[in-house]
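Colleague: My numbering runs 96 ahead of the 1-based position in the sequence shown.
These aren't lab readings, by the way, just hints derived from the structure by calculation. No experiment lies behind these values; they were computed from the predicted model shown. A portion of the hints provided could be inaccurate.
Restricting the straight-line Cα-Cα distance to at most 25 Å, the calculated cross-link-like pairs of lysine-lysine (PhoX-like) are [claimed, not checked]:
#1 Lys319 with Lys505
#2 Lys382 with Lys367
#3 Lys392 with Lys404
#4 Lys319 with Lys337
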Amino acid sequence: MNDRHNSLSILLVNYRFFVSGGPERYLFNFVKLLEEKGHQIIPFSVKHPKNQSTEYSEFFLSPITSDENSVLLSQLRKNPRTLVRLFGRVFYSLEAKKNVKAIVDRADVNIAYCLNFLRWISPSFITELYRARVPIIVRISDFSYICPEAHLLRDGRVCELCTKGRFSHSVRYKCVCNSFLLSFINFLSILLHKQLKLLDKIDAFVCPSQFTLERMAKAGFEKQKLFHVPTFVDSERIIPKFEPGNYILYFGRISHEKGIGVLLDAYEKLKGNKSKDSMPLYIVGKSYGKETEQLKKRIHLSGNKKVKVLDEVEKDQLFQIVGNSAFTIVPSIWYENMPNAILESFANGKPVVGSRIGSIPELVKHGETGLLFEPGDSDALAEKMQWMIDHPEDCSRMGQNARALVEKKYNPELHYKGLMEIFESFHPKHDKCIS
């Protein structure tokens, strides 16, 4: 047990209990960190064949669909049974409320730490936690609370029309899965949740980046409820390699907002990119739609055999791939919240060439821990990539700076301290009117 903080029983809410992306990588890093400190983690999620084993799986919600490959809303088959379940999760799920009550009755829950739950779990469980006087802390993983599309993107460009609360724009532009029906359903659910004042029952919002905190405040969230606690990486478990390797690397989700198209355009513009001695580009990751298939098709049609796409790999193998690279690329076109790919690159001693957007400039200091370019500008990205290739000594220097940065500012102890200050400020719960 940790000798600085009282041991807590923490209800951890997320609609996936298996690794499918950055939020879940954070989730399991969080579980490991908190359990090592002597705290009890009680997961609450949706049943899925890929879920990690837990004694609390009996309380997990029934899946919206029987298709285990459907991880995103856009992948759901729109049959009557699925739509009925989806309605419940989007609006108000009695199952979620009942199951959380059962957990609270069984375990002495001190605090609820909620990651992603909108549309898959439903915010109905919040009313039960509120009734039971369990403090509710929500971590902001994307911009779902101020943007139905979740990434503040429309037609590949930044869009902030809904950030002041006028969510009707999302219906007009079919922002949810490019579907008028789903966008309208989502809009109605927002109106219901406002009427029930569900978000008002949340005690605090944890923002992984200063950029996200400022965006949430700008959208009207109470500043006293917003806390900046950066994501962390356990760099002590990673042996860095500062010597530049012989390939360029992108790793992470393969999807439009991640700027994969911009990266391919930029790589085509590198000097002698198809020659025998040119530095290859490795892309490691997966998509939950057809993006990977489309990516491979584009590469095949280009005839460029220097671009290699690798399926998602285990963390140890991934870190080997990162460590053997020259540098990594984060070419996102959306307001990145706090990309794990940057922190993990830095921990492995690799600088990052990243878009000047969202939280990326908080991490990538131009000329110190990497290079920045304007989002969507493939010419600028190609220029920065070529510079890195031509300056291996500077590349190594920036990798050393990057490693030092994560050791100092993005380590597990700082993350733990920041979270515990928030958790303990709300535990035991102050008296408040129960509705």
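Colleague: Against each hint, give a clear statement of whether it holds in the structure.
Modeller: Cross-check of the supplied hints:
no. : hint               : result
1   : Lys319 with Lys505 : 23 Å, holds
2   : Lys382 with Lys367 : 28 Å, violated
3   : Lys392 with Lys404 : 9 Å, holds
4   : Lys319 with Lys337 : 41 Å, violated
Hint compliance for this structure: hints 2 and 4 are broken, all remaining hints hold.
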